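Heads up: take any position in the sequence shown, counting from 1, add 29, and you land on the numbering used here.
Hints are computed from structural coordinates only; laboratory data are not their basis. Since the model is a prediction, treat every value here as computed from it, not as a measurement. Just so you know, not all the hints are guaranteed correct.
Claimed, not checked - For lysine to any residue, the following SDA-like pairs were computed, each having C-alpha atoms within a straight-line distance of at most 25 Å:
(1) K539 <-> Y481
(2) K532 <-> E219
(3) K401 <-> Q420
(4) K528 <-> A330
Claimed, not checked - Now the in silico label distances, taken between C-beta atoms and shown as ranges:
(5) K528 <-> S69: 53 to 61 Å
(6) A582 <-> A180: 30 to 38 Å
(7) L554 <-> E395: 46 to 54 Å
(8) T584 <-> P265: 43 to 51 Å
(9) A582 <-> N112: 37 to 45 Å
Glycine is no exception: its CB is placed at the ideal position from the N, C-alpha and C atoms.
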Amino acid sequence: MMLGAYLGVVTLERDRPAPARTAVDAVAERLGLAPCAVSSAHALFAAGPTQSIGGVPADIHIVGPAFSRVPGGSPFIGVIDSNAAPAAFLEAIEARWGAFVAWTGIEGADAVCIYRDPSARCPCYYRRWGSELVIASHLPFIEALTGRADAIDWPVVEDELLYPDLVGRESALVGIKEVLPGEILHIGPEGVYHHALWSPAKFIDAAALPSFAQAQDEVARAVDSACHHWSRQFGPVALTLSGGLDSSVLAAALPGLRHAITLVSGTGSGDERAFASEVCRHLDLQSHQLDLSPADVALSASSAAQRPRPSTRAFTQSLVKHGSAVAHEVGARAIAYGSGGDNVFCFLRSATPASDRMAAHGLGAEYWRTVKEVAAVTECSPFLIARRSLQKHVRRRRAWTWPRDERLLAPALLDARIEHPPHPWINEFADLPVGKREHVAAIMRGLALVDYLDGADGLPVIYPLLSQPVMEACLRQPTWLSYEDGMNRAIARRAYAPKLPAKIVQRASKGGFTSLVRSLYLGNLASIRAMLLEGELCAREILDRRALEASLATTPDAGDHLYVRIMRFVDVEAWLAARRG
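Please work from the sequences and hints to get the whole structure.
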């Protein structure tokens, strides 16, 4: 079962004939998509979960899983949004969450509105095709109708490397654009424009100061509800369980969970079997422990070949292969990941939570308590945290910019690319506490993560912690509460403490896949060297060839993670080769 798939065509000019229905119908039938909405100005075809809602002035069609919200809970549509789409459409959107797009035609105006929910799990790409706009969940759907998109948008590729995980409306393929999570795309005779309907800033109130107990209750209710709805949607779910806090929270919250998959990527932080086993014993889960192997990964193959940007990471090929195989063996209908937990649960690794506490309560005892708690989490001195939090507070009026990763990029590129790509959520940062700016940026990175991997053989992948109600609940909490008692992600940690082993609740270390990535790098160094030094990134002077050659000639020591950066270049080269082919 897929999360949702669709293909739509909208006529852009009033006097033009209706969409080329014969061609569209044939392509939709070949793709297994059924007609949902058909008019003189537009057509929509879909597969997977769909809903049709009667409304005025036109029907509303929802593609992808969509769940009802608690009545009156978390409204986010304001007066400024009232003209963005018909009222019935806005009401339908506000009443739902999930992984969907919503579509409605505006009769009499020859216009169409399309909304993409904030979870990022249901993509929305579009491309101009003569006098029509083609919109779809998958790039190949668009290409099946309009032809292959093979022209690379090189400035976007540069931004992918310079501003990691900042996903904008422009894709890395010329002419292919993306509707961002939470946006409405309005298509009509007057043109095509985006409206940011849902945004994190709408859930952040610096004057609202809930207690730690209130924060625990709200976040736990949101997580439990999200897990309940996703489990009910798909039936049996298998969980990838590391034994870290985030996946352990899901182990406790997913109803009816029976199978946990632990993927071992090496020694040290890559081997979390002891933690995962502790959770499985405590919750009576069947444990499946699998060793990931570099042999499962083909560096020259890009899992993002059918996507409009080089979004995937090579090492995930091994995760998908083993995780999906076990999920199929045990009869799971979907596989759940705890990815995004650090992001929504506000693990910031900075002094800004102390800055937010200062802004709310001044320089009294509460501020100094937070300074000590943040110092404990970041392993810095309280003096350093106090100094940096004061600096952040004093500089809070300065424009916030997305952090740059300049490593191994050509100096000329660094001089030329002086601004990060625009994003509507960043436009709202000026009115947010400095810590909340970083929290929102972390959530943006989390949403970018969902494009890293998908299930094999059509097995749906779900990320319950990046569900809209969970994001909203976490955004409402002050940043400093996530550092209570000197523990990271303290709200979620304390909320689920009664359901998890003490060893997991008290765990401060983090696992990861760096051992697997390092093995991939060292075991394929000759081919990596050829792939990069003879590749397009060097040929186009995006990379600093001399610096790259020096790095490739050096074996990284245990604390040197520059190889992770180099492997990102490999991912991009593989994607470029796939698009050329």
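Given the hint that K539 pairs with Y481, does the C-alpha gap stay at or below 25 Å? Answer holds: K539 to Y481 is near 19 Å, not above 25 Å.
Status of the given 37 to 45 Å range, CB of N112 versus CB of A582: Violated - the Cβ-Cβ distance for A582 and N112, about 59 Å, lies outside 37 to 45 Å.
Does 46 to 54 Å hold as the CB distance between L554 and E395, or does it fail? holds (52 Å)
Take a look at whether the Cβ-Cβ distance between T584 and P265 falls inside 43 to 51 Å. holds (45 Å)
Lying within 30 to 38 Å: is that true of the beta-carbon distance A582 to A180? Taking Cβ atoms as reference, A582 and A180 lie about 35 Å apart, which means the hint holds.
For K528 and S69, compare the CB-CB distance with the range 53 to 61 Å and indicate the outcome. holds (55 Å)
Between K532 and E219, is the straight-line Cα distance small enough, at 25 Å or below? Roughly 60 Å separates the two Cα atoms, so the pair is violated.
Can the restraint linking K528 and A330 be considered satisfied, given a maximum Cα separation of 25 Å? With Cα atoms ~42 Å apart, K528 and A330 exceed 25 Å; violated.
Is K401 close enough to Q420, meaning Cα to Cα at most 25 Å? With a Cα-Cα distance of about 17 Å, the restraint between K401 and Q420 holds, given a limit of 25 Å.
When the structure is compared with the earlier hints, violations turn up for hints 2, 4 and 9 and for no others.
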